[in-house]
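Given the coordinates of chain A, work out where chain B should sit on it, guided by the hints.
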Amino acid sequence: MSAVSPDGATPLLQVEDLHVAFDTRQGAVTALDGVSFSLAAGETLGIVGESGCGKSITALALMGLIPAPPGRLTGGRIDFAGRDIARLAESELRRLRGRDIAMIFQEPMTSLNPVFPVGAQIAEAILLHREIDRQAARREAVALLRTVGIPDAERRATAYPHELSGGMRQRVMIAMAISCRPKVLIADEPTTALDVTVQAQIFELMRRIQDEFGVALMLITHDMGAIAEMADRVAVMYAGRIVEQGLADDVLDRPLHPYTRGLIDCIPVLGKAAPDGRPPALSEIPGVVPPLHLIGDGCAFADRCSLAEPRCRRERPPLTGRRHGVACHVTAAQAT
Amino acid sequence: MSATVQPILDVRDLAVRFALPRPRLFAPRPHLEAVRGVSFALAPGRTLGLVGESGSGKTTTAMAAIRLTRAAGGRVLFDGTDLLTLPPEAMRRARRHLQIVFQDPYSSLNPRERVGAIVREPLDLMAVGAASRERDERVRELFRLVGLRDDQMALFPHQFSGGQRQRVSIARALATHPRLVVCDEPVSALDVAIQAQILNLLRRLQDELGLSYLFISHDLGVVQFLCDDIAVMYLGRIVEHAGRAALFRTPRHPYTAALLAAAPSLARRKSAGYRRDAVVRGDPPSPVAIPPGCAFAARCPRAAAPCRDTAPELRPVGDSQVACHFPL
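Respectively, the protein sequence lines represent chains A and B. Our numbering numbers the first residue of the first sequence as 1 and each following residue consecutively. Our numbering numbers the first residue of the second sequence as 1001 and each following residue consecutively.
For reference, chain B alone in the conformation it holds in the complex:
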C-alpha cells in the first residue's frame, strides 16, 4: 500500500468485548474478548479481505468499524474523522457513505415490502435527491446497475431467487452513493453458479463507482478473486496481513498455511491417492477463556515453549505482517 494516499478507513487498535452473564450472584461479570487490538487501513478504491473461521471476530471487527457494534477501545478514522467519537447526528449523516451487504439475502430484506421501496428507503432516510421523482429515477438507475429490470421493482422479495435478492441488497447498499461498502459473506448463501455472477458484479461496481470494500469471507478462493489485501483473523486478532500475491504465494503464519491447505481444490484427487494429513487438529479455543500466549498454539504444528507464554505481536516478515514467533 502506498503511504502517500490517505486511507479511506484507518482502524487503530480496535477492541470489542461482550459482557457475559454472571456465573453467580455478585460474582464479577466475565467478558468475551471478541476483537483484540485490531489495526488495518483500507485505501480508496481497494478491497481488504477479513478472513477467518467462525468466532474469529471478522464480522464483529467490521461492524465495530462502522459503529454498528460498540467498540470497547480504539479509533476508526473514516476520511480522517474518528467515527467512534462522532455525535449521533453527525454519525447518522456519515452513514450514507458506509453501507453493508449482508450474508443472507432471505433475512435481510423485509418480506412485506416491494423491492423498489426497499431500495428507495435509504434515499428517503438520508434525504438523497430533492424531489420524489429524482429518487424514483435513482431507484430505476440502481436496478439497471445491478442487472435487474425496472418492471421487477413492484415485486416482493420472495418472488426472487437468492442471487436476485442479493442484487436487491446490493442496489439498496449503493443507493446513497456510499464510499465504503462492508460485504459480510455476500456469496456464502448462494449456489456456486450464482456466486460467480455476484462476484463479477461486485468487481464491476467497484471499477465503475470507485467503491472501497471491506470484504468478510471464510472462502479463500473468493478472497483471492476479489481482495487486494487480506487480514487473517484468529480469535479476535489479526495473525497475518499481506497483499494478495504475498499471502497466497508465501503464507507466513502457520494458521494461514493451514487454511490454504484445507481449502477445497480440484487438484486433490482421490484417484491419485490424495489423503489429507490434517496438520491442524481440534477446534479453535473458546473466546471466553483465551489461553495466554499465542491463541493458535494448541493447534499449531510449529508451536514451542515461547508460543504458550508470550502472545506474538504483528511484525514485518518478507512482504507480510505476521504475528508468530516462528513464521514460515
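Same shape as in the complex, but just chain A:
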C-alpha cells in the first residue's frame, strides 16, 4: 500500500484506491483515479492543487456528499473507526457527518442559513447529534462562539449571518464544525475568501482548536504558504490523482514531481528577490490542466512537463515511495 502511515501509528482515517466518476456530455469521466492517503489523530494533512484537480471531490467523498447523479463512487475504501464508510447507508452517514467528520467550506456566507441567528444554527447541529435539551444546547453554542474568539458571544449568538463580517462568519462555521467534537475536520479553502489579516487569525484559531481537541485536520488549499504554515504532511493532486506526497518539509524543500516544483516556483514570493529594481520574470508552467475527458493513458502532466519522455505519454506512472512518494517516471528513483 502506498499510503503513508507516519511512525506506523494506526491511522484514524485510511483512504485506499478511491475512484469517483462523473457522467458528463463527453461520457463518464474519472474525477478521482486511485487516491490513497491516511490521516492520524492530531495531525494535519494538506491537499494542494489547482482547480479541477480533485481536492474538493476528495473531501466530498469522505463526507458521503458526492452529488449522485451525476457522480458516483466507483471503487476504493474509506476506513474510519474500523469500518468502510464508503459503503454506509445514507441514514448511517447522516449520523457520522458532523459528529465524527465535520467540514468547513470556503464561503461561509453561502454555507450558513441566512434566515436563522447563528447561535440557533450551532445549537441545531448540537441537538442533531447529542442527547441534550434546547437550553443546554443554546448555552453550549454561546460557549463555542467564545472558544472561537467571537467577542460579546452572548449577543452575537442572536445575530444573523449577514450582520457578521466574513472572518466572524468563518469563526461561526468553525464553532459549528467543532460543536460535536469531531475526530476529523475537513477544511476546504477556509481562508480563500478572507482578507490576509483575517486569514492569519483563522489559521491561528485552527491551530489552537487542533491543540485543544486533538482533531485530525485535512486542509484543502491552493496556497503553498498555507501548507508550509499548517501542514505536517502534504499530498499534491493533479487531474484526479495524487502525484506527490510526503512530509511538508520534504515536499516544499525537495519537490520531486515537476508539477510540484512548478507550483512552488511560479509563486511571486515576498522577499524572494532583492526588492531593488524589478524582480526577475516568474517561472511558468506552460499550458493548462487538461479536461478530464481528454486524459489519455500516459501521465496527465506530460504535455506541460519539461522533463517528459516518450514513455510518459504512453504509460501512467504509479505513485512510488513510502516516506516521500512521487508519481513520475523521470524522478521515481529519488522517491524514498
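Everything labelled a hint here was simulated from the structure, so no lab data went into it. Hints are all accurate, no fakes.
A short, non-exhaustive set of chain A residues, derived as facing chain B with CB atoms under 8 Å:
#, residue
1, G167
2, D195
3, V196
4, T197
5, V198
6, F203
7, H222
8, M230
9, A248
10, D249
11, L263
12, V269
13, L270
14, L282
15, S283
16, V288
Where is the CB? At the ideal position from N, CA and C, for every residue including glycine.
Frame of chain A, contents of chain B only:
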C-alpha cells in the same frame, strides 16, 4: 519618482462618497465615505500598486480616477487635463487612452459574443483604424500579442480557460492603444500556475508598449513583482506610499507591517514551530461609522491616545510617505 517627468496621471485630493438609505423618513441621508482625500501620481511607463483589504477603497479610487465612479471632490489630471471636468464628448474621446482589465474573466466578457468581436468592439466604438480590414488586422495582431492564436477568434468565451479569458480581456483593453491601463485584481481569480503566465504577460506588454498601470491587488507578492510604487489604503485613505524597495524593506505604517507579516510565505514552517502572533486583531471598522482619529487605531499594536483623537496626515518618513503618529 523624478520631478522632471510630467505624470501621466495626477490624482489630487480625490473623494468618493456613496449615499445610503435614510434610516427613517425625513432623517438626513447618511453617506459612506469610500475614498477620503487620496492623492498620488503615476509616471509614464510605470506601475502604481493600490493595496488594501476589501472595503479599503482601492477599486473605488481607481474607478473614480477614470471617471467610472462619480467623484465627490478632487482633481484627476490625465496628461495635464482634468478628467473630472471634461464635457461628455471629450471624455468619451479620452477613454481610448484609459482601459481596464477586470478581476473576473468569467463575468467581464459577453458570453454570447465571439471573442474576436469582443476584442474588435472598442475599435468600432472609438473608430480606431479607418477601414474594416484595418481593424480586422489589428484584432489579429492583438491576439498574437497576448499569446492567443488567430483561429481562436471565432470561439466563444466559455470555450476558453480562465487564463485564456484573461488574455482576451487584456487584448480588448489594449485594442485602442491606451496609455493607462487599470488592472483590477487581474490575477486573483486564477490558479497560481496561470497567475504567473498572466503576470509575465502584463510585464512584457508594459515593456513593449510603454504602458502605465494602475494595479489593484490585495496580494503583496504580486504587487512586489509588478509595481514600482505602492500606495497602501485603509478605509478610504492612503496610509503609506513608497517605492518598492522602501515599502518591502522598511514598512513604516503598522498596518503595512501587519499586511507583510500576514502574507503567506514558504519560510513559515509548522515543523519549525512557527506560530502566528497575529498582532492585528478583529476586522476593519465599518466605513459608515469611521472613528475619529486614525481609522486603524482600534486594531493597531502601537496605538496611543493621540491616534484616537487626531487623524494623521501623510508626511515623509525616510523614503516613504506615512500617515501615522508613531511610524515604525
